[in-house]
Structure formats: structure tokens, C-alpha cells
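Student: Residue numbers (the numbering used here), protein chains in the order written: chain A, 3 to 117; chain B, 14 to 211.
To be clear, the hints were calculated from the coordinates, so they are not data collected in a lab. Careful: at least some of the hints might be erroneous.
Straight-line alpha carbon distances no greater than 30 angstroms define the calculated DSBU-like cross-link-like pairs of lysine-lysine that follow [said to hold, decoys possible]:
id : chain 1 : residue 1 : chain 2 : residue 2
1  : A       : Lys-19    : B       : Lys-117
2  : B       : Lys-118   : A       : Lys-59
3  : A       : Lys-59    : B       : Lys-199
One letter stands for each residue in the lines below.
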Amino acid sequence: MSTTVNFTGAVDRDLLKRAKVIAAKTETSINALFNAELRYLVETFEAAESGGNLNYKILLDFSLGRTSNVEVMNALGITSEEDLFLLMAQARLPMPRLSIAETERMVSELNALDA
Amino acid sequence: MRRVNPGKRKSKQASVPPSSPHTILLPDAGSLITLAYADSLDLLQKPGWSVQLVDMVLHEVTRNDTPTSEKIKQWVSNRALPILQTRIFSHYLAASKKPGADTKKSNLGELAIQECMNSFVFVDALTRGVFLFEDHKIARNSFLLPDNCRKITTRAFLLYLEQRGWLTAGRTAADMERTAILNGRKFSQLRFPPDWWL
């Protein structure tokens, strides 16, 4: 059995709220969900890497906002935004996200248009 | 930038948006794809703004046969949405007709959108352009934005609709995104078998 360690991290407030709902519905803990998802990511990444396939790493870099859609599409040899969306969905990686504050600023801009 | 209705591409002279106070909503490819996978393209019309499509963007989302391409094509046609013609798209068409052409495709949608944004400089101050993108386009692309234009993410737009009570009862912006991802994942497994990255 592997040793567990504690660590400190930060998480999106809304995401944590949703995770708590899932944990309650599935009668498990946030900790167990976090471990399962982290294990999936690590094992998928390592399996791809050991096979010399960089596709998953390329998608992960995009998900983390390190590369642009054009860079990742060129690297993967795809020519449509839809294929990129589909690959991200299948890889279970979230599309890059702006901060909540930035998103809320945009919502305010839209509300101001109606004022 | 020229504005035409579908099926009447050659009949109407180019024009900048009319001079009455109003808002024009121009979705990018990513926003159209997300909403199409969520079966929610009509949400774009909820605020009552004029929804218009950029020709290069429309071409990008309809040129391949995918679950959303026909859906988007039909939606644009059924709603008789105006299509804005750009020089980028006409140059692209001309270049792709040359024998043996290996025409550049990436980034052309963004360039066409920038061309449309530029044209807003010449419309009256009461006409506003709302350009809709997925988050990553706004995070990394440096569009030059006239004062009467706004760059908004699909997520922010959906939250705006949610706050206004314009989403189907009981549904949230997050629900819409989830539906898109789930529907996308179903098709993706056919298009890209799981061993694609292993």
C-alpha cells in the first residue's frame, strides 16, 4: 500500500461546491474523487509518453493555457476547431478557462449594453 | 465588410451595420460548435440582438461533415441570418481554386473577425458589436478592438442569459457546457479512437 501525504492547494470555489455534491451522491469523499481523477490524468499521460505519443501532453499544455489553439492544431495535424473540442472532450481535459473575475466582468459588460 | 443574406450573396451591396441604436452579435467558430453540441444555437437570439455570421467562420464550421456542420448550416438558413463577407474569405476561396493549392487554413477565421471588427470603426457610436469567443481565443489572441465592440466568452454569455432568466427553466450555464461536452465525447470516440494518444 502506498504512503499518502498531505499537501495544500487551491481550487475554484464553484468547482469544489460541485465536487462536494458528487461526493455526497456517490457516498465518497472529495479526497477520493481527487485521487481518482489525478490518477487517471497521471496514468494516461504516462501511458502515452511511454508509447512515444505526445498527443496527450500537447492537449494538456493547451488545457493549462500554455499553447494557443493554432499551435496545438498544427502540432496535432488537425484543421478544425471542432476536432480540437472533440479531442479535449475525449481526453477529459477542460478547455482553457479565463478567471471567474474576468468572466464576471464580461457579464457586467453585457448587462451594461441593456442599460 | 459586406453583409448579405444566405442565398443572396451577390444581390446586396456591402454595407456597414445600419445607423439605428442596436447590438450585433457575431459568434466565432468555437462558440457555434459548443452551442451546436448543446443543441442550443437558438440561445444566441435570446437577447434580441441581430445575430450575424462571418463568412470565413461559417465556412470553417461547415466545410467538414460533422455532427454540428449540418445543424449550423440549417440553423443559419432557417433563421435567415445575415452573413458578413470578408476579403479574407474571398482571398481564401481564390487561393484554394488554384491548381495544387495547399491553402493555409489556420487562423483565417480570426483574421476575418478582425476585419469585421475594424469595420465597426466606421459605424455610428450607438451600434455595438459583441464578438463571442471561447475562453482560449480571448486569453491568447490580441484583437484590436474598436470602442463600440466587446469581446465576450461563450461562458459569460450563457451566465448573462442565466441571470436574465433566458435559459430553459432549471438549467444553468454550467448545464449547457456539460451537455456540449457529453455530446462531443460520444462522437469523439468514433472520430478519434481511444488509442489515438496511447
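Student: Give a verdict on every hint.
Tutor: Against the structure, the hints come out as follows:
For the hint pairing Lys-19 of chain A with Lys-117 of chain B, the CA-to-CA distance comes to about 44 angstroms; that exceeds 30 angstroms, so the pair is violated. A distance of roughly 24 angstroms separates the Cα atoms of Lys-118 of chain B and Lys-59 of chain A; the hinted pair therefore holds under the 30 angstroms criterion. Taking the CA atoms of Lys-59 of chain A and Lys-199 of chain B, the gap is about 22 angstroms. The hint holds against a cut of 30 angstroms.
Of the numbered hints stated above, the single one contradicted by the structure is hint 1.
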